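Given these sequences and hints, build the entire structure.
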Amino acid sequence: MNIQASHSTGVFDVEPGRAPVLSFQGVSKSFSHENRSTPAIETINLDIARGEFVAFLGPSGCGKTTLLNLAAGLIKPDNGAVLRDGEPLRGPNTRVGYLTQSDALLPWRTVIANVTLPLEIRRIPRVERQARAMAMLERVGLGAFARHLPGQLSGGMRKRAALARTLVYDPKTLLLDEPFSALDAQARLAMQRQLRELVDELGLTVLLVTHDLNEAIALADRIVVFSKRPARVLEDIDIRHDPSILRQRRTSLDGSLHDRLWSLLENELEAGALR
Amino acid sequence: MFRHGFTLLFLLAAWQLGAGFGATAYYLSTPVQVADRLLEWSMSGYVWPHLLSTIECSLAGFGVAAFVGTLFALAMASSPSFARLLEPALFAAFSTPKIVIAPLLILWIGVGTLPVIALSALSSFFVIFYGSYGGLRDVSGSYIDTAAVLGAGYWTTAFQFRLPAAGPYILASLTQGLIYAFHGAILGEMTASDTGMGYLIVYSATSMDAASVLAALAVIGAVTFGLLHLLASATRALAAPLNAEALA
Chain G
1 MNIQASHSTG
11 VFDVEPGRAP
21 VLSFQGVSKS
31 FSHENRSTPA
41 IETINLDIAR
51 GEFVAFLGPS
61 GCGKTTLLNL
71 AAGLIKPDNG
81 AVLRDGEPLR
91 GPNTRVGYLT
101 QSDALLPWRT
111 VIANVTLPLE
121 IRRIPRVERQ
131 ARAMAMLERV
141 GLGAFARHLP
151 GQLSGGMRKR
161 AALARTLVYD
171 PKTLLLDEPF
181 SALDAQARLA
191 MQRQLRELVD
201 ELGLTVLLVT
211 HDLNEAIALA
221 DRIVVFSKRP
231 ARVLEDIDIR
241 HDPSILRQRR
251 TSLDGSLHDR
261 LWSLLENELE
271 AGALR
Chain X
276 MFRHGFTLLF
286 LLAAWQLGAG
296 FGATAYYLST
306 PVQVADRLLE
316 WSMSGYVWPH
326 LLSTIECSLA
336 GFGVAAFVGT
346 LFALAMASSP
356 SFARLLEPAL
366 FAAFSTPKIV
376 IAPLLILWIG
386 VGTLPVIALS
396 ALSSFFVIFY
406 GSYGGLRDVS
416 GSYIDTAAVL
426 GAGYWTTAFQ
436 FRLPAAGPYI
446 LASLTQGLIY
456 AFHGAILGEM
466 TASDTGMGYL
476 IVYSATSMDA
486 ASVLAALAVI
496 GAVTFGLLHL
506 LASATRALAA
516 PLNAEALA
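Note that the protein sequences, when read in sequence, are chains G and X.
Take the first sequence: its position 88, counted from the start at 1, is 88 in the numbering used here, and no numbers get skipped.
To convert a position in the second sequence, counted from 1, into the numbering used here, add 275.
It should be emphasised that the hints constitute simulated quantities derived from the structure, not laboratory data.
Remember, predicted model here, so these are calculated numbers, not experimental data.
Warning: the hint list may mix true and false statements.
Claimed, not checked - Label pairs and their computed distance ranges (CB to CB):
1. X:His504 with G:Gly61: 45 to 55 Å
2. G:Phe31 with X:Gly496: 51 to 61 Å
3. G:Arg123 with X:Val386: 50 to 60 Å
4. X:Phe357 with G:Ser28: 30 to 40 Å
5. G:Pro125 with X:Ser417: 21 to 31 Å
6. G:Gly91 with X:Val386: 48 to 58 Å
7. G:Gln194 with X:Thr499: 50 to 60 Å
Stated by the list, open to error - If you want the footprint, here are the derived chain X segments under chain G, 3+ residues with CB under 8 Å:
8. 416 to 426
9. 435 to 441
Just so you know, even glycine gets a beta-carbon here, dropped at the ideal spot from N, CA and C.
Written as structure tokens, this is what we have:
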């Protein structure tokens, strides 16, 4: 144990495998607007174990993004606590990589300067950060576009640049907020495959928010289905996957799972429409 | 450009002819007299020290205002509690006409270039401050959230995220600020100095010399016009990388 600890490479490996990477404990959150308080999420209890790929599935606007913002430490819960590696989260969670819906690439910086930014913040020497950023850009297939400005890239390329910026500082947990929703079908498939490969290769824990149930089935090990706003957990389904069946699953294997998820979501949509 | 020249020529001709009637020449002077005066000034070198002094004082005032103005705006945009603390005082100062402060400035720091620089800085500070503050405060929350998750501290967020994101607003407010600095310097010279274009106007007017007043106004107009053009092209060059975003 001691030997292991002294060999650990980053600040991220606190007691590997012990406490859940992220834990929502009775978390509620409301937003007030013009003196009216609207609950976004209600008493959520969830543990995310190390190495899990969890999809948060639910109707649009149900408060899934609020959960990611809580996990990123950008907002505080009204009740309950968000734990990171067993410790209550105080302030922004800099051990996670957060890919928001808008890629938030800085338009005045070149692609590589965007990717080196988190390393600059961590005061990593110039030569090393250039090398690490370039390696990460090569990995997502953007090596040739390092000197371009974000405005000169396509939507899919911008997403990959943002992914490179998120992964370059070696976070062990990724928060993804509908990262591929704005992409066309082909680019989305390519990005999904690339993401799954990267996640397996780097051994990442992932929280993926999506309203696309095919995406959830194709990528995740575990699918948590949320109700309409205020979000409550409706179902927590383990579909621990084997990478080799990824292709199969997308077609026929999980027809029944697809139907089950769809009926859950359908109920929520109807309930929402009737309100 | 050609059409503008034609309009100008027409107006000057009308002025020249109109000023010939009655005693109006005494008050209005004529374009020929004004041109004569301008030529005389530039040949004798009389106008240069005045113009140079005005430009120097405006640049000094602008420099102070640009630095302090953007810094205040950045600090207030980054920290709402700091903003709440300072906003009422700044608004009160903003609503005071700057020229009424001139006598007070003379009382405190005497006459000469210093009160001129101070009035120039005061005039342009608020334009720069309010223009930048709006842009800096309304920077998209996604940049600020990104900064937080990437681990950026207060200063990094302010200088690497907020400041460049508000770049176009700041550049626009600086452009306006430079013109206000120039005009503030002239106001200062009219009340608290014995050099500069502002002093020249007051001196000429008290000597009943309309041609000189108008010649000085022509010089001021030409300099303002030149400044605006210079700034417009500088702003375009600086903002070019940001426009790549819009073009994509």
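Here is what the structure says about each hint:
Between histidine 504 of chain X and glycine 61 of chain G the beta carbons are some 50 Å apart, a value that agrees with the proposed interval 45 to 55 Å. As the Cβ distance of phenylalanine 31 of chain G to glycine 496 of chain X is approximately 54 Å, the hint placing it in 51 to 61 Å holds. At about 51 Å, the CB distance of arginine 123 of chain G to valine 386 of chain X agrees with the hint of 50 to 60 Å. With their beta carbons about 32 Å apart, phenylalanine 357 of chain X and serine 28 of chain G fall inside the hinted range of 30 to 40 Å.
The beta-carbon spacing between proline 125 of chain G and serine 417 of chain X, approximately 29 Å, falls within the hinted interval of 21 to 31 Å. Hint check: glycine 91 of chain G to valine 386 of chain X, Cβ distance near 54 Å, so the stated range 48 to 58 Å holds. Judged by the Cβ atoms, the range 50 to 60 Å given for glutamine 194 of chain G and threonine 499 of chain X holds: they are separated by roughly 56 Å. Against chain G, the stretch 416 to 426 of chain X contributes 8 residues with a C-beta closer than 8 Å to a partner C-beta. That satisfies the three-residue criterion, and the hint holds.
Check on the stretch 435 to 441 of chain X: 4 of its residues sit with their Cβ under 8 Å from a Cβ of chain G, so the three-residue criterion for coverage holds.
Checked against the numbered hints above, the structure breaks none of them.
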